[in-house]
Amino acid sequence: MPQLLDTVPASTDGGMENKSDVSQHRARRFCFVATASFVGMLAMVAGFNFLVNPLAEYNTQLVSPLIPTTRREKVDYLQRATAAPEGIVLGSSRVMKFEPRYLYEVTGTNFYNAGVNYADPYDYLAIVRFYRRRYGRAPATIVLGLDVPSFSDAVDTDLRLGSTPELFREVADDLAMQYRLRPYRDAISWDQTKQSLRSLVFQVRPSSRPHSLVHFTDDGVLVYEDREQQLHDGTFDITPHLDYTKSEYEQRVRGFSELSKRKLDLLRKFFKSCETDRVEVHVFITTLHPQLADHLSTTTSYNERRAELCCVLDECQREFGFHWRDFSDIESYCGDQRDFVDGVHPLEPNTRKMIDTLWESCRQDHGGGSALQ
Amino acid sequence: MLFNSYEFLLIFLPLVLCVWWFPRLDVRWRLAILTASSYLFYGWWDYRFVPLLWLSTWGDYVAGNQINRSQVPWRRRGWLLFSMTLNLGLLAFFKYLGFFAESWNALAQWQQWGGPFPVPKLVLPVGISFYTFQTMSYTIDIYRGAARPARSLLHFAAYVSMFPQLIAGPIVRYSDIEDQMRAIPCRCDWNVMARGIMFFVLGMCQKVLLADTIAAVCDPLWRDPARLQLLSAWFAALGYTCQLYFDFAGYSNMAVGLGLMLGFSFPQNFDSPYQAANIAEFWRRWHMTLSFWLRDYLFIPLGGSRAGSLLTARNLFIVMFLGGLWHGAGWTFVCWGLYHGLLLAIHAALRRTKTLEGMSRPVGTMITFISVVVGWVLFRSPSLSAAGTMITAMAGCRGIDKNLEQAVCGVWGIAVLGILLGVCLRMPNMWRISVGLNFYSAAAFGALMAFCVLRFSQLSPFLYFQF
Chain A
1 MPQLLDTVPA STDGGMENKS DVSQHRARRF CFVATASFVG MLAMVAGFNF
51 LVNPLAEYNT QLVSPLIPTT RREKVDYLQR ATAAPEGIVL GSSRVMKFEP
101 RYLYEVTGTN FYNAGVNYAD PYDYLAIVRF YRRRYGRAPA TIVLGLDVPS
151 FSDAVDTDLR LGSTPELFRE VADDLAMQYR LRPYRDAISW DQTKQSLRSL
201 VFQVRPSSRP HSLVHFTDDG VLVYEDREQQ LHDGTFDITP HLDYTKSEYE
251 QRVRGFSELS KRKLDLLRKF FKSCETDRVE VHVFITTLHP QLADHLSTTT
301 SYNERRAELC CVLDECQREF GFHWRDFSDI ESYCGDQRDF VDGVHPLEPN
351 TRKMIDTLWE SCRQDHGGGS ALQ
Chain B
1 MLFNSYEFLL IFLPLVLCVW WFPRLDVRWR LAILTASSYL FYGWWDYRFV
51 PLLWLSTWGD YVAGNQINRS QVPWRRRGWL LFSMTLNLGL LAFFKYLGFF
101 AESWNALAQW QQWGGPFPVP KLVLPVGISF YTFQTMSYTI DIYRGAARPA
151 RSLLHFAAYV SMFPQLIAGP IVRYSDIEDQ MRAIPCRCDW NVMARGIMFF
201 VLGMCQKVLL ADTIAAVCDP LWRDPARLQL LSAWFAALGY TCQLYFDFAG
251 YSNMAVGLGL MLGFSFPQNF DSPYQAANIA EFWRRWHMTL SFWLRDYLFI
301 PLGGSRAGSL LTARNLFIVM FLGGLWHGAG WTFVCWGLYH GLLLAIHAAL
351 RRTKTLEGMS RPVGTMITFI SVVVGWVLFR SPSLSAAGTM ITAMAGCRGI
401 DKNLEQAVCG VWGIAVLGIL LGVCLRMPNM WRISVGLNFY SAAAFGALMA
451 FCVLRFSQLS PFLYFQF
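Residue numbers (my numbering), protein chains in the order written: chain A, 1 to 373; chain B, 1 to 467.
It should be emphasised that the hints constitute simulated quantities derived from the structure, not laboratory data.
Just so you know, not all the hints are guaranteed correct.
[Stated by the list, open to error] No more than 30 Å apart at the CA atoms, straight line, and that leaves these computed lysine-lysine pairs for DSS-like: (1) K121(B) - K263(A); (2) K272(A) - K194(A); (3) K121(B) - K95(B); (4) K261(A) - K121(B); (5) K95(B) - K246(A).
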């Protein structure tokens with residue numbers, strides 16, 4: 001028997017029995033106190049994390065979250081806007097530089113950039129459904145940028161979707177139980193507790209909170225304040241940003257052995273609903289800085305998954321009749337590697353070229369007509 | 001299901017304990033529920049392999065009964081052979097077929113013997129090495145007259161599948177637990193429960209707070225051994241030495257703790273092995289249940305150490321070769337086993353000539369520890385060439401790191417390693433620590449457990465699951 005405790009041996013002797021009862025009582029109290037202490041401490045931590053809500057996973061807003069809440073901001077805009085934008089741009093932060101103004105110049109359609117951080121098919125579906133609920137009809141045109149890593153099962157759907165009730169309820173039935181349980185699980189995690197403490201420090205001492213280096217324009221376009229200023233001054237050095245994205249994407253793509261069936265089904269559902277609503281859809285695979293593309297092709301299975309996604313898009317194109325292009329390589333749209341702020345985020349000159357290429361190829365594919373339906 | 005997962009700790013375990021200790025519940029029902037929950041625990045990982053567990057359980061139960069009933073020696077031997085064939089056949093098929101095919105193909109290619117065999121890509125059923133050894137011990141013990149057959153198939157199924165020890169040991173022999181299986185307590189002994197909680201919590205701390213912490217520091221170094229030089233190579237090797245110990249000892253202690261919570265006492269699996277003064281002592285203190293299994297069912301039947309130096313060395317090599325192969329189907333494990341066979345043979349020879357008598361214990365401990373660390377390099381490396389690269393770096397043949405801080409992963413890295421080495425080499429293990437039962441210790445254990453749960457956010461399987 002383990003010697004961890006000094007225990008009183010059981011005995012048939014009356015006095016010893018008494019001692020044994022005492023020992024049993026003491027041990028029982030130990031078990032209950034240990035259990036209560038365990039449950040109590042977890043409950044306390046969960047309550048603390050829920051109230052502080054550092055990663056915007058819950059619907060509490062007592063303390064400003066540490067990370068951008070783009071879903072909240074974009075939903076608020078769409079709720080405030082009295083006139084519905086005819087078209088929307090969907091995708092992750094990698095499409096946030098697609099300018100509605102330029103799209104208007106090219107297409108004559110009034111757009112809003114509804115790109116949100118770490119978007120995946122749940123977000124596309126949620127935003128389109130929310131749009132339909134808000135304006136009573138579907139958008140006329142959608143420009144959708146797909147990130148290959150967002151189709152990995154290892155990359156979870158962003159929890160900020162869950163903390164935006166307007167979007168969450170649109171896809172609640174489609175979300176797996178695991179996703180719905182994650183906020184509870186995260187509430188008892190060390191990482192979130194650290195972030196809560198950090199968030200609380202910023203709340204108590206606002207001067208210590210780092211100044212946000214990005215903001216959105218009225219039409220939903222992202223502005224990188226510092227980097228664009230440095231670009232303007234000619235002092236911008238992309239190398240550290242490239243290195244960061246290299247390690248981040250290498251980690252994100254590691255173990256990405258197949259496209260997520262669940263997310264592909266959802267993407268098909270999205271295309272199906274667009275086909276039903278006669279929405280004009282333009283899809284593209286988001287671009288990469290050439291150095292990052294080379295890095296990922298040699299160290300990960302990124303290119304294999306990208307090829308699989310292309311096959312899926314070809315199939316979907318035949319079935320649902322939209323138009324798509326792969327912009328992973330900058331040559332595909334005559335892009336310039338200087339027009340990136342890091343490995344994955346292009347600047348306006350590149351996004352404009354992508355828009356031009358997308359519409360030009362669409363015209364060629366459809367014999368000069370722009371309507372795809 | 002992992003012990004260090006939310007679903008196990010917050011749902012599975014409380015439910016099983018509540019049902020197991022439910023008052024006035026018949027023993028048969030309790031065993032049935034324990035068995036069913038153990039299958040659920042196992043099937044959580046991959047339900048397709050549960051029938052394999054049933055097959056092994058049924059086969060050995062039948063074989064055990066037949067061996068016990070029969071008085072005819074050849075029939076008894078026949079049933080024992082059936083049990084061995086079944087268990088070793090399962091192991092050979094799932095664990096070694098691919099390895100043997102690959103090795104044969106490599107040899108055939110080298111000797112130009114013709115076309116290669118197809119290499120099957122089979123998923124290794126988790127815990128197969130452990131439960132097949134347990135069930136084999138059952139039939140062998142009955143054959144030897146060291147144990148009686150289980151009271152019923154349910155009793156035997158509960159023993160084989162019992163979730164605390166199913167996946168990564170300790171290897172509980174039927175003879176170790178036979179009496180406990182025959183007299184399952186109906187009322188909870190709170191002293192035993194408290195002891196179980198302590199073992200479980202401290203085991204969890206070993207895994208989550210110690211093993212996972214050093215793993216986070218050292219794993220990046222192991223990804224590319226070619227970049228390592230003298231200091232970083234030693235840092236990586238020592239880090240893995242600590243990680244493996246705390247990972248596996250942590251799991252074993254959690255298993256012992258869970259067993260105690262259910263009222264069963266499992267054997268000790270680790271006894272501060274890195275404090276051993278020689279390699280034979282190391283093997284009496286590291287993964288003790290496997291060492292004793294190999295000793296009793298393999299080494300002694302082969303003749304043990306009583307048949308002269310050469311035969312002892314042969315027996316040690318055979319046992320350690322098979323011990324290495326038990327750990328994994330790969331040449332690195334085979335070499336690791338043979339390396340330990342060599343160390344044990346050298347030790348046996350030196351002991352015979354009484355050369356070791358004058359050696360002080362600290363010197364012996366240091367030599368043993370360094371030898372073991374070198375062995376872990378073979379154990380951890382993905383290939384023999386990677387192991388060679390690592391060992392040459394440790395020998396200083398690849399130069400000395402210029403950036404000391406980078407080599408030892410900064411102050412944090414060296415501090416963590418220093419503390420863990422201190423614990424391994426100097427501290428008494430959990431089986432020797434005495435803790436008082438009072439309010440403060442209870443609150444502290446509860447808080448420690450909660451702190452471990454906070455660290456669950458990343459999936460971290462136990463290293464021995466792969467064996």
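Restraint check for K121(B) with K95(B), where alpha carbons must lie at most 30 Å apart: 10 Å, holds
Pair hint K272(A) and K194(A), alpha-carbon separation not exceeding 30 Å: The given pair, whose Cα atoms are some 42 Å apart, is violated under the 30 Å limit.
Straight-line alpha-carbon gap K121(B) to K263(A), limit 30 Å: The hint holds at about 28 Å.
Pair hint outcome, K95(B) versus K246(A) [Cα-Cα no greater than 30 Å]: Since the Cα atoms of K95(B) and K246(A) sit roughly 37 Å apart, the hinted pair is violated (cutoff 30 Å).
Distance restraint between K261(A) and K121(B), which requires alpha-carbon spacing of 30 Å or less: 23 Å, holds
The structure does not agree with the numbered hints 2, 5 stated previously, though it agrees with the rest.
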